[in-house]
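In order, the protein sequence lines correspond to chains A and B.
Those letters in the first sequence? Residues 1 to 200, per our numbering, in order.
Those letters in the second sequence? Residues 1 to 200, per our numbering, in order.
Treat the hints as calculated values from the structure; they're not laboratory data.
Be a bit skeptical, because a hint or two may be false.
As the list claims (entries may be wrong) - Chain B is faced by these chain A residues, among others (derived, beta-carbon under 10 Å):
id, residue
1, 3
2, 8
3, 9
4, 43
5, 187
6, 188
What the hints assert, rightly or not - Ranges of calculated distance between the beta carbons of each label pair, as one might list FRET restraints:
id, chain 1, residue 1, chain 2, residue 2, range
7, B, 114, A, 132, 55 to 63 Å
8, A, 194, B, 176, 53 to 61 Å
9, B, 55, A, 17, 29 to 37 Å
10, A, 178, B, 33, 31 to 39 Å
11, A, 69, B, 176, 55 to 63 Å
Ideal placement from N, C-alpha and C gives every residue a C-beta, glycine not left out.
Protein chains: 2
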Amino acid sequence: MPTSSIVELTEALRCLPGVGPKSAQRMAYHLLQHDREGAQRLEKALGRALCVVHRCRRCNTWTELELCECCASPHRDSSLLCVVETPVDLNMMEQTHAYNGLYYVLMGRISPLDGLGARQLGLEALLSRALDGVVKEVVLATNFTNEGEATAHYLSEMLKAHAISVTRIARGVPVGGELEFVDSGTLAQALRERRRLVEI
Amino acid sequence: MPTSSIVELTEALRCLPGVGPKSAQRMAYHLLQHDREGAQRLEKALGRALCVVHRCRRCNTWTELELCECCASPHRDSSLLCVVETPVDLNMMEQTHAYNGLYYVLMGRISPLDGLGARQLGLEALLSRALDGVVKEVVLATNFTNEGEATAHYLSEMLKAHAISVTRIARGVPVGGELEFVDSGTLAQALRERRRLVEI
């Protein structure tokens with residue numbers, strides 16, 4: 001039978017998303033046998049992250065400072081505010097190098113099935129952020145899932161009353177996508193939102 | 001961009017088997033946002049396991065004591081020595097409640113492609129364990145993979161010279177298995193190793 005500290009480690013590993021009892025057991029034994037150094041690094045990294053990482057006061061993403069890198073930068077266009085669901089989405093946006101504005105991270109999405117409504121998401125904080133007098137345009141970049149779309153709809157309704165421009169990132173055929181393999185919903189949307197190339 | 005301690009945590013999580021960059025990132029953000037308590041528990045469990053868990057002096061499995069529970073028990077049949085590849089396999093054997101002997105854990109298998117030969121596995125330790133004068137039968141319970149089979153073959157050859165009985169756990173149709181869905185190799189083996197039910 002496994003010793004109690006291996007049982008504890010196996011149980012503890014199950015806090016990781018997507019890790020069931022079998023994988024947790026495999027992970028625990030792997031660390032003990034093949035990668036004690038890695039386990040030590042993981043222990044330290046967990047301790048450090050838990051200690052120093054908190055929300056950015058301005059955009060709600062994770063940071064070690066008072067303000068995150070984006071919010072603190074003087075080179076960003078503070079008239080643009082992009083709303084994303086998660087810090088990972090923020091990273092994805094940054095990797096495009098196509099956006100130079102600021103962000104607001106919802107840390108979730110409206111999802112009635114999970115009991116997450118507008119109140120649980122703390123959308124008042126977003127509203128007061130958008131109404132700081134500097135923001136001219138809010139770019140909604142929530143996911144194109146049902147919940148992401150519902151969140152975008154709710155936000156656009158919420159912001160409509162406040163004389164602030166609201167946009168949504170475009171939906172369509174992905175770059176490199178072949179029509180043959182694109183689902184018909186995406187294709188229909190791409191057709192509806194077609195851009196004019198030649199004016200006559 | 002993610003902060004350095006999130007990057008560190010993400011990197012550190014990749015020491016877990018089967019965790020790539022995307023899952024590691026998802027895990028790091030999940031822990032920070034939804035399960036800081038779990039992360040703390042994991043940090044402590046890692047620290048404790050790394051500190052107290054080491055090899056059993058006698059059977060090579062993981063234990064917190066000088067001897068593991070099995071080896072220390074006076075109720076086990078010390079004339080039987082079951083050889084398994086990993087501590088997880090030992091747990092599986094124990095869960096059958098069909099074996100009351102002792103174990104030896106190889107912590108691996110002979111695998112020339114991974115550069116693991118008889119020397120790397122430290123088979124001399126197994127040999128001296130098997131030749132303690134008390135062991136009468138060595139039960140080979142390595143996996144029925146190519147590498148497990150090769151290991152079993154090597155061990156049986158190694159032990160042959162020492163007037164010690166060597167057995168291999170049976171291969172055949174699994175309990176609850178239907179012939180229709182069993183692969184032909186297994187079925188051929190089950191046929192070759194058929195047991196006599198009625199003596200005439």
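Which of the stated hints cannot be reconciled with the structure, identified by number in ascending sequence?
-> Hint check: 5, 6 fail, others pass.
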